[in-house]
Amino acid sequence: KPKSATVSITNLGNVRLNSNLEIAGELRAPRVEGDVSVSTGQVNVDEIVAVTGDSGYATEPTEYLAAPDRASSPPSAATTAVDALRMDVRLIVPDDLIVKAISLQTPGSPVGIGAFTITMGGELRAMKEPGGRVRLIGAANTVRGFYDFQGRRFTILRDGTIRFDGTSELDPMLDVRAQRVIRAVTARVNVRGTLKKPEIILTSTPALEPADIMSLIVFNQPINLLGEGQQISLMERAQSLAASTATGALARSISDRLNLDEFSIT
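Mapping of the sequence shown onto this note's numbering: position 139 corresponds to residue 179, and the numbering continues sequentially without gaps.
These aren't lab readings, by the way, just hints derived from the structure by calculation. A hint or two may mislead.
[Said to hold, decoys possible] Here are the simulated distance ranges between beta carbons:
{"hint": "1", "residue 1": "D188", "residue 2": "R71", "range": "41 to 47 Å"}
{"hint": "2", "residue 1": "G65", "residue 2": "D205", "range": "25 to 31 Å"}
{"hint": "3", "residue 1": "N58", "residue 2": "R228", "range": "35 to 41 Å"}
{"hint": "4", "residue 1": "E169", "residue 2": "R198", "range": "32 to 38 Å"}
{"hint": "5", "residue 1": "D188", "residue 2": "N54", "range": "18 to 24 Å"}
{"hint": "6", "residue 1": "I272", "residue 2": "V174", "range": "55 to 61 Å"}
{"hint": "7", "residue 1": "T207", "residue 2": "A247", "range": "31 to 37 Å"}
{"hint": "8", "residue 1": "R56", "residue 2": "D205", "range": "24 to 30 Å"}
{"hint": "9", "residue 1": "I272", "residue 2": "V72", "range": "55 to 61 Å"}
{"hint": "10", "residue 1": "Q270", "residue 2": "R130", "range": "47 to 53 Å"}
[To be verified] Straight-line alpha carbon distances no greater than 16 Å define the calculated EDC-like cross-link-like pairs of lysine to aspartate or glutamate that follow:
{"hint": "11", "residue 1": "K140", "residue 2": "D86"}
{"hint": "12", "residue 1": "K140", "residue 2": "D188"}
{"hint": "13", "residue 1": "K237", "residue 2": "D215"}
{"hint": "14", "residue 1": "K236", "residue 2": "E249"}
{"hint": "15", "residue 1": "K168", "residue 2": "D75"}
{"hint": "16", "residue 1": "K168", "residue 2": "D86"}
{"hint": "17", "residue 1": "K236", "residue 2": "D211"}
{"hint": "18", "residue 1": "K168", "residue 2": "D123"}
{"hint": "19", "residue 1": "K236", "residue 2": "D86"}
{"hint": "20", "residue 1": "K236", "residue 2": "E209"}
{"hint": "21", "residue 1": "K168", "residue 2": "D205"}
{"hint": "22", "residue 1": "K168", "residue 2": "E209"}
{"hint": "23", "residue 1": "K140", "residue 2": "D75"}
For each residue, glycine too, the CB sits at the ideal point set by N, CA and C.
Given only the sequences and the hints, what does the whole structure look like? Please build it.
Here it is as structure tokens:
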């Protein structure tokens, strides 16, 4: 039956849900179907990634040289029911869900995305087959928000996308754009790739080299006006981003603009 509830989980977020779910089947093979809509709320995505990401503990079952004791307890009914669960739930998010992160970087990711506050909406399907994991299919679109890049606040542009393709891992495709006007130059930061392998691409109007865009963002002036200490700082920032394919091009652009014979990244 339709229900309305406020769900609050410490550190993960606080959302108000309206649900219309049907639970059927047997206890040993339950089935959940229906709709869940989010009327308002906030989600802390870096905390969710920390909980659902790779664990530092072993996840492989213990292997025994001899057969385990027959007296060992069998799996609980709850564990069996969850494993046997079949799910097909539609998640509807109007354009008012706030997604926040203080310093987002998934385990194993070469580049951290950083801090942002985005208002977004969309429609997803949460699906699960017996014995499998929950998979998300669908997309959410950005409405407005802010993105902090290299110490500067950028405005999130409308209609960026975060797309889930039904994989068993939490690794959506990203295409989020933000911009800021700096000394009559509109600098843009485009976060693409996936959550685990993001790419950060810099463009501008009028069109400038990535090195000059980065210099404007960090020091508020083009790279040819930087002092020696500022040049070193800019190279260090490029090194921290260089694990991404797109930002590796940024490092090369800085090297070319500073006339360096060699710019090594280790």
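Do the hints match the structure? See the list:
no.: 1; hint: D188 / R71: 41 to 47 Å; result: 43 Å, holds
no.: 2; hint: G65 / D205: 25 to 31 Å; result: 27 Å, holds
no.: 3; hint: N58 / R228: 35 to 41 Å; result: 37 Å, holds
no.: 4; hint: E169 / R198: 32 to 38 Å; result: 36 Å, holds
no.: 5; hint: D188 / N54: 18 to 24 Å; result: 22 Å, holds
no.: 6; hint: I272 / V174: 55 to 61 Å; result: 47 Å, violated
no.: 7; hint: T207 / A247: 31 to 37 Å; result: 36 Å, holds
no.: 8; hint: R56 / D205: 24 to 30 Å; result: 28 Å, holds
no.: 9; hint: I272 / V72: 55 to 61 Å; result: 57 Å, holds
no.: 10; hint: Q270 / R130: 47 to 53 Å; result: 52 Å, holds
no.: 11; hint: K140 / D86; result: 8 Å, holds
no.: 12; hint: K140 / D188; result: 12 Å, holds
no.: 13; hint: K237 / D215; result: 12 Å, holds
no.: 14; hint: K236 / E249; result: 27 Å, violated
no.: 15; hint: K168 / D75; result: 15 Å, holds
no.: 16; hint: K168 / D86; result: 24 Å, violated
no.: 17; hint: K236 / D211; result: 6 Å, holds
no.: 18; hint: K168 / D123; result: 10 Å, holds
no.: 19; hint: K236 / D86; result: 12 Å, holds
no.: 20; hint: K236 / E209; result: 10 Å, holds
no.: 21; hint: K168 / D205; result: 14 Å, holds
no.: 22; hint: K168 / E209; result: 13 Å, holds
no.: 23; hint: K140 / D75; result: 24 Å, violated
Going through the hint list in order, the structure does not satisfy hints 6, 14, 16, 23.
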